[in-house]
Amino acid sequence: MTGAPPDPRIAVVTGAARGIGAAIACRLAADGHDIAAIDLDATACADTVATVTAAGRRACAIGADVADEGAVARAAEIVREQLGEASVLVNNAGILRDKTMLKMELSDWTRVIEVNLQSVFLTCRAFAPAMRAAGWGRIINLSSVAALGAFGEANYAAAKAGVQGLTRTLALELGSFGITVNAVAPGFVVTEMTREVARRVGMSFEDMVADQLRSIPVGRAGEPDDIANAVAFFADERASFVTGQILYVAGAPRG
1 MTGAPPDPRI AVVTGAARGI GAAIACRLAA DGHDIAAIDL DATACADTVA
51 TVTAAGRRAC AIGADVADEG AVARAAEIVR EQLGEASVLV NNAGILRDKT
101 MLKMELSDWT RVIEVNLQSV FLTCRAFAPA MRAAGWGRII NLSSVAALGA
151 FGEANYAAAK AGVQGLTRTL ALELGSFGIT VNAVAPGFVV TEMTREVARR
201 VGMSFEDMVA DQLRSIPVGR AGEPDDIANA VAFFADERAS FVTGQILYVA
251 GAPRG
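219 is the number that the UniProt record's numbering gives to position 219 of the sequence shown; each next residue is one higher, with no gaps.
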């Protein structure tokens with residue numbers, strides 16, 4: 001038995017302080033969701049919270065390491081206390097520790113897997129029971145084109161491929177309870193994270209963009225709003241017959 005979308009609609013967005021996560025939180029607020037913005041530092045979510053409240057929606061900022069089981073449990077309780085039961089969960093939090101496999105330390109591997117994949121398992125396990133009880137829910141996980149393989153990103157590629165497998169499995173497990181589970185896999189998107197990558201490899205960001213554009217037929221780099229728009233589709237009640245899907249938002253055919 002599945003239910004109707006709850007009122008108010010409450011969305012949890014991890015990694016919501018900046019970039020893609022902030023854009024997702026603001027887009028969902030514009031679509032009528034109250035927002036729980038989760039990031040390592042709650043104060044870093046101030047701009048996101050301000051935009052959400054300016055849109056007339058409620059918001060709370062929560063500081064949590066979403067790779068930590070206890071921190072996720074506490075964050076879920078704060079969401080319930082301050083906003084109510086979440087009906088939408090967006091797993092966006094992620095990090096990079098790029099190195100080729102022969103130079104990669106175990107700590108580089110482990111931390112990227114924890115933040116990019118383990119966190120998705122933990123947050124889904126924490127928030128899905130209330131969705132199941134309500135008979136309605138939306139889970140949207142952020143994967144990446146790196147899931148198809150990316151030089152110097154064995155850890156990140158493995159984590160993002162794992163997100164896709166987890167997404168499809170949870171779609172099977174939760175579908176009968178009115179919960180859809182989908183993933184958005186961005187291509188090259190202009191964010192502070194990609195700017196940091198350019199700085200780390202000693203490349204100007206303009207040169208990095210030019211290099212990426214050679215493999216993007218639409219002729220431009222992605223913007224955070226491109227990803228937010230895809231997430232908004234999956235979060236919508238009208239997407240109830242779409243689940244277990246991986247949507248590549250990359251300006252090019254993928255998958």
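Derived by calculation from the structure, the hints in this document are not laboratory data.
Just so you know, not all the hints are guaranteed correct.
Ranges between beta-carbon positions, derived for each pair [as the list claims (entries may be wrong)]:
| id | residue 1 | residue 2 | range |
| --- | --- | --- | --- |
| 1 | Glu192 | Glu105 | 33 to 41 Å |
| 2 | Lys103 | Pro129 | 37 to 45 Å |
| 3 | Arg200 | Gly135 | 43 to 51 Å |
| 4 | Ala4 | Phe151 | 41 to 49 Å |
| 5 | Ala54 | Pro217 | 14 to 22 Å |
| 6 | Ala252 | Asp225 | 50 to 58 Å |
| 7 | Asp31 | Lys99 | 36 to 44 Å |
All C-beta atoms, glycine included, are put in the ideal place defined by N, C-alpha and C.
- [ ] Look at the Cβ atoms of Asp31 and Lys99 and judge whether their distance stays inside 36 to 44 Å.
- [x] Taking Cβ atoms as reference, Asp31 and Lys99 lie about 39 Å apart, which means the hint holds.
Open item on the list: For the hint 33 to 41 Å, verify it against the beta carbon of Glu192 and that of Glu105.
Closed with: For Glu105 against Glu192, whose Cβ atoms are near 24 Å apart, the range 33 to 41 Å is violated.
TODO: With respect to the beta-carbon atoms only, verify the hint that Ala54 and Pro217 lie 14 to 22 Å apart.
DONE: Distance hint for Ala54, Pro217 is violated at roughly 36 Å.
Task: Lys103 paired with Pro129, Cβ distance criterion 37 to 45 Å - done: About 42 Å separates the Cβ atoms of Lys103 and Pro129, which means 37 to 45 Å holds.
Open item on the list: Verify the CB-CB distance for Ala4 and Phe151 against the hinted window 41 to 49 Å.
Closed with: holds (47 Å)
TODO: May I ask you to test the hint 43 to 51 Å on the CB atoms belonging to Arg200 and Gly135?
DONE: Because 46 Å falls inside the window, the suggested range holds.
Task: 50 to 58 Å as the expected CB spacing between Asp225 and Ala252, which holds or is violated - done: Taking Cβ atoms as reference, Ala252 and Asp225 lie about 18 Å apart, which means the hint is violated.
Figure legend: structure checked against the earlier numbered hints; hints not met, in rising order: 1, 5, 6.
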